[in-house]
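Protein chains in written order, with the working numbering: chain S, 1 to 468; chain H, 469 to 670.
To be clear, the hints were calculated from the coordinates, so they are not data collected in a lab. Among the clues, some could well be false.
Said to hold, decoys possible - From the derived model, a few chain H residues whose C-beta atoms are all more than 12 angstroms from chain S:
#, residue
1, 520
2, 602
3, 641
What the hints assert, rightly or not - Simulated crosslink set (DSSO-like; lysine-lysine; CA at most 30 angstroms straight-line):
#, chain 1, residue 1, chain 2, residue 2
4, H, 649, S, 50
5, H, 618, H, 544
6, H, 618, S, 167
Idealized CB from N, CA, C, for every residue including glycine.
Single-letter residue listing:
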Amino acid sequence: MSTYPWAAGYIDDGDRPKVVTSRFHLEDGYMLERYHATGGYDGLKAVLKKSPTEVHDEVKTATVLGRGGAGFPAGTKWGLMPAGKFPRYLVVNGDESEPGTYKDRLLMERDPHQLVEGCLIAAYAAGLSQVFLYIRGEMPLAHERVANALNEAYAAGYVGKNILGTKFSVDIVLHWGAGAYVVGEETALIESLEGKRGEPRLKPPFFPAAVGLYGQPTIVNNVETLSNLPWLAINGTAAYTAIGTATSPGTRMVAVSGHVNRPGVYEIINGTTTFRDLLYGEEFCQGIRNGNELKAFVPGGGSAPWFTPEQLDLPFEGRLVGAAGSMLGSGAIMVMDHTTDIPKAALTLTHFYAAESCGQCTPCREGGTWLERVLQRVVDGRGTRADLDQMFEIGESICPGNFPHAASSKLGLEAAPFPYKMTTICFVGPSAYAPVHSALTLFRDEFEAKIVERKHIPVSVGVVDDHH
Amino acid sequence: MSRLNEANVMLAKEIIGRYPKARSATIPLLHLSQQQNGYITDDAIAHIAELVGATSAEVLGTCTFYEMFKMVPVGKYLVNICGTMSCQLLGADELMHHAEQTLGVKAGGTTSDGLFTLEHAECQAACTEAPNMQVNYRHCHRMTTTNFDKLIDDLRAGRLEGEIPVHGTLARVRQQIPADKAAGVASPDAPVVPAWMPEAAQ
Numbered sequence: 001m002s003t004y005p006w007a008a009g010y011i012d013d014g015d016r017p018k019v020v021t022s023r024f025h026l027e028d029g030y031m032l033e034r035y036h037a038t039g040g041y042d043g044l045k046a047v048l049k050k051s052p053t054e055v056h057d058e059v060k061t062a063t064v065l066g067r068g069g070a071g072f073p074a075g076t077k078w079g080l081m082p083a084g085k086f087p088r089y090l091v092v093n094g095d096e097s098e099p100g101t102y103k104d105r106l107l108m109e110r111d112p113h114q115l116v117e118g119c120l121i122a123a124y125a126a127g128l129s130q131v132f133l134y135i136r137g138e139m140p141l142a143h144e145r146v147a148n149a150l151n152e153a154y155a156a157g158y159v160g161k162n163i164l165g166t167k168f169s170v171d172i173v174l175h176w177g178a179g180a181y182v183v184g185e186e187t188a189l190i191e192s193l194e195g196k197r198g199e200p201r202l203k204p205p206f207f208p209a210a211v212g213l214y215g216q217p218t219i220v221n222n223v224e225t226l227s228n229l230p231w232l233a234i235n236g237t238a239a240y241t242a243i244g245t246a247t248s249p250g251t252r253m254v255a256v257s258g259h260v261n262r263p264g265v266y267e268i269i270n271g272t273t274t275f276r277d278l279l280y281g282e283e284f285c286q287g288i289r290n291g292n293e294l295k296a297f298v299p300g301g302g303s304a305p306w307f308t309p310e311q312l313d314l315p316f317e318g319r320l321v322g323a324a325g326s327m328l329g330s331g332a333i334m335v336m337d338h339t340t341d342i343p344k345a346a347l348t349l350t351h352f353y354a355a356e357s358c359g360q361c362t363p364c365r366e367g368g369t370w371l372e373r374v375l376q377r378v379v380d381g382r383g384t385r386a387d388l389d390q391m392f393e394i395g396e397s398i399c400p401g402n403f404p405h406a407a408s409s410k411l412g413l414e415a416a417p418f419p420y421k422m423t424t425i426c427f428v429g430p431s432a433y434a435p436v437h438s439a440l441t442l443f444r445d446e447f448e449a450k451i452v453e454r455k456h457i458p459v460s461v462g463v464v465d466d467h468h
Numbered sequence: 469m470s471r472l473n474e475a476n477v478m479l480a481k482e483i484i485g486r487y488p489k490a491r492s493a494t495i496p497l498l499h500l501s502q503q504q505n506g507y508i509t510d511d512a513i514a515h516i517a518e519l520v521g522a523t524s525a526e527v528l529g530t531c532t533f534y535e536m537f538k539m540v541p542v543g544k545y546l547v548n549i550c551g552t553m554s555c556q557l558l559g560a561d562e563l564m565h566h567a568e569q570t571l572g573v574k575a576g577g578t579t580s581d582g583l584f585t586l587e588h589a590e591c592q593a594a595c596t597e598a599p600n601m602q603v604n605y606r607h608c609h610r611m612t613t614t615n616f617d618k619l620i621d622d623l624r625a626g627r628l629e630g631e632i633p634v635h636g637t638l639a640r641v642r643q644q645i646p647a648d649k650a651a652g653v654a655s656p657d658a659p660v661v662p663a664w665m666p667e668a669a670q
């Protein structure tokens, strides 16, 4: 087992393939010299010998799933661009801010050249004429490392005009955000990159691949997704799909945080690693702190409906987790042991989404803050029984119909599968409801314990008028 | 006062030149302005609007959307304590309480010597290292009340000036695109088919 002071959080234990973290053990892995010495830019060189169509087909065949949240295959996404319409852009989503998520920052800080090379491979394959690398504002170290990598790559002829003497020319422009969670939504990211308020765009059009930056075809890919491409280019599709399962090939970076013995960022095998492996495995988190009982966990970032110990044996596979009532999202698992105050934990997340609402859609702007207010008074011991039902009613106005939730044999509940219906443009509104819905569905008794039963106070017939 | 100075105007023009549309440079220029003055002034908004070809109202609208832009002066050090789930599960409330006691201000306040502004913050992407905080957006992991006090002492004594620049300084390394190496902007107004794309792949 190894940890490295320069990569706080990353845990290198067990004998698993490393697709994106192969340089994390090197203190200077972010420098071009070290990158070269460890196979850096060999993927780009291999790709430039093939036609763009061949490279695109490889990414499609390898089924490189998007690592940002929705899990949409990158190769398929690239194929959604209308033929013949140029210029096309690549916008790199480095605005990592989903609660619990910690991986893109590490990838940018520890191996920025890998990301740059991934951008170049994508631009070559999909015919993207300019790349904008959007980094979250609150990550100055990532910004400095990527800026330095780009400066080195320009000087070495990997980025810019006539890359490595070929006809392939593309600029990568480093752009930085300024603190707004909603900008992680791809159309909000584009609005922000156009210099505007980061408000998600009305759909349809559903995909920026058709109408994106400046109205042009635009691919928005996550940092981890692109960081997979150099390894794929060097090792080939067969080697990539040999890891994981047919529907979830390759590896994934996951961050496990909260009440475990060894919280950390791990590169795991996609599709087969179970939540039990992750939470209790020797090479992963080694169990719940102080030998405590596991109460619940959030399997895919703060937006995801919660799981309980009953779901521990599910593998890290999108379809199975979706059918079980949640999502894998951004690879963020937050663990709660039996000492956790469940209503308060739900309040923390609901507060986050209510505060981060951009304010465009009424159900999210009003519903999110309303949910927070009601939940706050329940947590403070001022709630009534009617408040509990009211929270479901508010949620219904954001997400009509069945909201996804996990099965519970104890409660005699069957799973309600993902996804949900919504009355908002983006997922921020539903995300404010997800923790409340999960907590209230699976742990209603904890909310009821906070309700103070009040005696019926008869209303006086006469009205006391203070003014006279 | 507080328009961008001459050196920063040069830098601003270089940044604007990287985008197909000037308005895309709005957020980078707001950061540049905040780096120069420590916060964003009305004059800076007007100046940036001139530079990117937008109205002051449009630039102000963008500016107020993003949490990092401060419209009033803040302390030399912005202390952001994360209160989102993973940190909250591991003691963020206690850390915030301690910070309020130690600094003598409530969250949102600035100490009377102008050194520290304390803020409640949302997820800082370091969840395995909870509880977290940032000083001028530089991460501080696994905080305890003891190492919080030491950090504040070190900042007061100026021992961390090399590591943590004053508020407004985002990154100390800037991207440079040498003119002779640049591929050039891809403007939507002058569509060009990428030179490396064969017809079949378009």
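Evaluated hints:
Not every Cβ of chain S is farther than 12 angstroms from the Cβ of residue 520(H); the closest lies at roughly 6 angstroms, contradicting the non-interface assignment. Interface exclusion of residue 602(H) from chain S breaks down, the closest Cβ pair being 7 angstroms apart, not more than 12 angstroms. Its closest Cβ contact with chain S, about 4 angstroms, brings residue 641(H) to no more than 12 angstroms, contrary to its assignment away from the interface. Taking the CA atoms of residue 649(H) and residue 50(S), the gap is about 24 angstroms. The hint holds against a cut of 30 angstroms.
For the given pair, residue 618(H) sits about 17 angstroms from residue 544(H) by alpha-carbon distance, which is consistent with the 30 angstroms threshold. With a C-alpha separation of about 56 angstroms, the suggested pair residue 618(H) and residue 167(S) falls outside the 30 angstroms cut-off, and the hint is violated.
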